[in-house]
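S.K.: Spelled out, the chains give:
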Amino acid sequence: MNICQYDRLHPAWRTGAMLLCAVLASGCGSQDKSSRVEGGDPERGRLLTQQYQCAACHFIPEVQGTNGDAGPSLQYMGRLSYIAGSIPNQPENMIRFLQNPPAVKPGTLMPALGISEQEARHMAAFMYTLK
Amino acid sequence: MNDLQSVLHPAGADAAIIHQFTWVLFIGGTLIFVFVMALLALAMRRQARPVRPGIWLFGAGIAFPVVVLTALLAWSTWRSAQLAEQTSHKAMSISVTGKMWWWEVRYRDPASNREIITANEIHIPVGEPVYLGMTASDVIHSLWVPALAGKRDMIPGRVTGLTLRADKPGVYRGQCAEYCGEQHARMAFHVIALPRAEFDAWLARRAQPALPADTTVLQRGRDAFLAQQCQACHTIRGVTDVPPFSQQERIADTSRLGPDLTHVGSRREIAAGTLRNHRGTLAGWIADPQAIKPGVFMPPTPDLDGETLRAMATYLEHLK
Numbered sequence: 000m001n002i003c004q005y006d007r008l009h010p011a012w013r014t015g016a017m018l019l020c021a022v023l024a025s026g027c028g029s030q031d032k033s034s035r036v037e038g039g040d041p042e043r044g045r046l047l048t049q050q051y052q053c054a055a056c057h058f059i060p061e062v063q064g065t066n067g068d069a070g071p072s073l074q075y076m077g078r079l080s081y082i083a084g085s086i087p088n089q090p091e092n093m094i095r096f097l098q099n100p101p102a103v104k105p106g107t108l109m110p111a112l113g114i115s116e117q118e119a120r121h122m123a124a125f126m127y128t129l130k
Numbered sequence: 000m001n002d003l004q005s006v007l008h009p010a011g012a013d014a015a016i017i018h019q020f021t022w023v024l025f026i027g028g029t030l031i032f033v034f035v036m037a038l039l040a041l042a043m044r045r046q047a048r049p050v051r052p053g054i055w056l057f058g059a060g061i062a063f064p065v066v067v068l069t070a071l072l073a074w075s076t077w078r079s080a081q082l083a084e085q086t087s088h089k090a091m092s093i094s095v096t097g098k099m100w101w102w103e104v105r106y107r108d109p110a111s112n113r114e115i116i117t118a119n120e121i122h123i124p125v126g127e128p129v130y131l132g133m134t135a136s137d138v139i140h141s142l143w144v145p146a147l148a149g150k151r152d153m154i155p156g157r158v159t160g161l162t163l164r165a166d167k168p169g170v171y172r173g174q175c176a177e178y179c180g181e182q183h184a185r186m187a188f189h190v191i192a193l194p195r196a197e198f199d200a201w202l203a204r205r206a207q208p209a210l211p212a213d214t215t216v217l218q219r220g221r222d223a224f225l226a227q228q229c230q231a232c233h234t235i236r237g238v239t240d241v242p243p244f245s246q247q248e249r250i251a252d253t254s255r256l257g258p259d260l261t262h263v264g265s266r267r268e269i270a271a272g273t274l275r276n277h278r279g280t281l282a283g284w285i286a287d288p289q290a291i292k293p294g295v296f297m298p299p300t301p302d303l304d305g306e307t308l309r310a311m312a313t314y315l316e317h318l319k
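These protein sequence lines map, in sequence, to chains A and B.
If you read the first sequence in numbering that gives the first Met the number 0, its first letter stands for residue 0, the second for the next number, and so on.
If you read the second sequence in numbering that gives the first Met the number 0, its first letter stands for residue 0, the second for the next number, and so on.
These are computed hints drawn from the structure, not numbers from a lab.
The reader is advised that the hints may include incorrect statements.
[As the list claims (entries may be wrong)] Computed footprint of chain A on chain B; a stretch qualifies when at least three of its residues, placed anywhere within it, have a C-beta under 8 Å from a C-beta of chain A:
| # | region |
| --- | --- |
| 1 | 41-50 |
| 2 | 262-275 |
[Claimed, not checked] Computed footprint of chain B on chain A; a stretch qualifies when at least three of its residues, placed anywhere within it, have a C-beta under 8 Å from a C-beta of chain B:
| # | region |
| --- | --- |
| 3 | 49-58 |
| 4 | 62-69 |
| 5 | 74-81 |
Where is the CB? At the ideal position from N, CA and C, for every residue including glycine.
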């Protein structure tokens, strides 16, 4: 029986079932909002993006400061198919690219900034919120 | 709270005096305002008592302001006399020139008596009064470090002075306080107060020429710097002042159009407090300064390939 069909239940059970449904529903919601990157915190990623001053080259609407145009805009990074125009936009690729861009895409303008794997994870999580 | 640039967190004698003025005027003004509003409320009551106009006109209208303003004048005259004297007869002088939109800072090396030129950071020893001899090379700027002292204008063709004294070591942010054009808001700097020994070591290091480019990447970066003719506006001591560049410099001293980059990698920030200093921001700045600070004199460099640009940024980052 579907637990959410609670019309004929005793009021106390009904209240309990409603609460359970609410909890389940909110669980579903938060799963949607959680990041696509395992172990990555988008908010910490946003702060790291600000600290590394990625906006010196990229336009990032959520990051304060300058809006350089040496690199492409990151406004829709989360829904682009490719990173740097040639690498499939998947979390693992994104994390590798952020740590050492020239190693992943030789010839890129983007330098390796000494970003750690964990930092790259947070930053990648943030990138996927840019849609 | 961030007290990096705050008039409410004085870190020097002058700033403490200005801070005290502020609170005395603010609290005194508030008390008088509340008193007047209370009188107004009393006057607007129904069945108000008649008052004697003589007492209120002469007492509150004349005697009260005369007493308060005279006391304030006497106190502020006495207190402001304690502000550091504007004189160049100090043990240490630093020259600061305001430019659109950055700060050129010059020291004299006590060992060789040669000039050391840097930018956007004023290092001073803690607890000692330091005289800043100031001017501007283009328009009027104004130097203001709220935590240390009042502001003072920098005027082309004139030298003005300011005495700074920081009582505790730290980094204090300063800002241009006179509207000077498009990037006025991005014309910041830092005053870094160090214990005397650290300051001396810092200054001795600044007197050295630039670090040699001893790896392939660094050589590539240095060669790209020269190939791009960056030395037309920037100096890297030990690199741009050897032949054939020394000849060129004697003909026209244009090398001060942009900041001296001899030790650029050791600075906290680039573009006058706009970006944190590392190879990423350096690369972004070299590629397109106009996007970051529209209107700066430095042109964009759209013709560098990725590897060369990264090498150049790495080279500049390495100049510590």
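S.K.: Next, verify each hint and record whether it holds.
M.R.: Results of checking the hints against the structure:
no.	hint	in the structure
1	41-50	violated (count 0)
2	262-275	holds (count 3)
3	49-58	holds (count 6)
4	62-69	holds (count 6)
5	74-81	violated (count 0)
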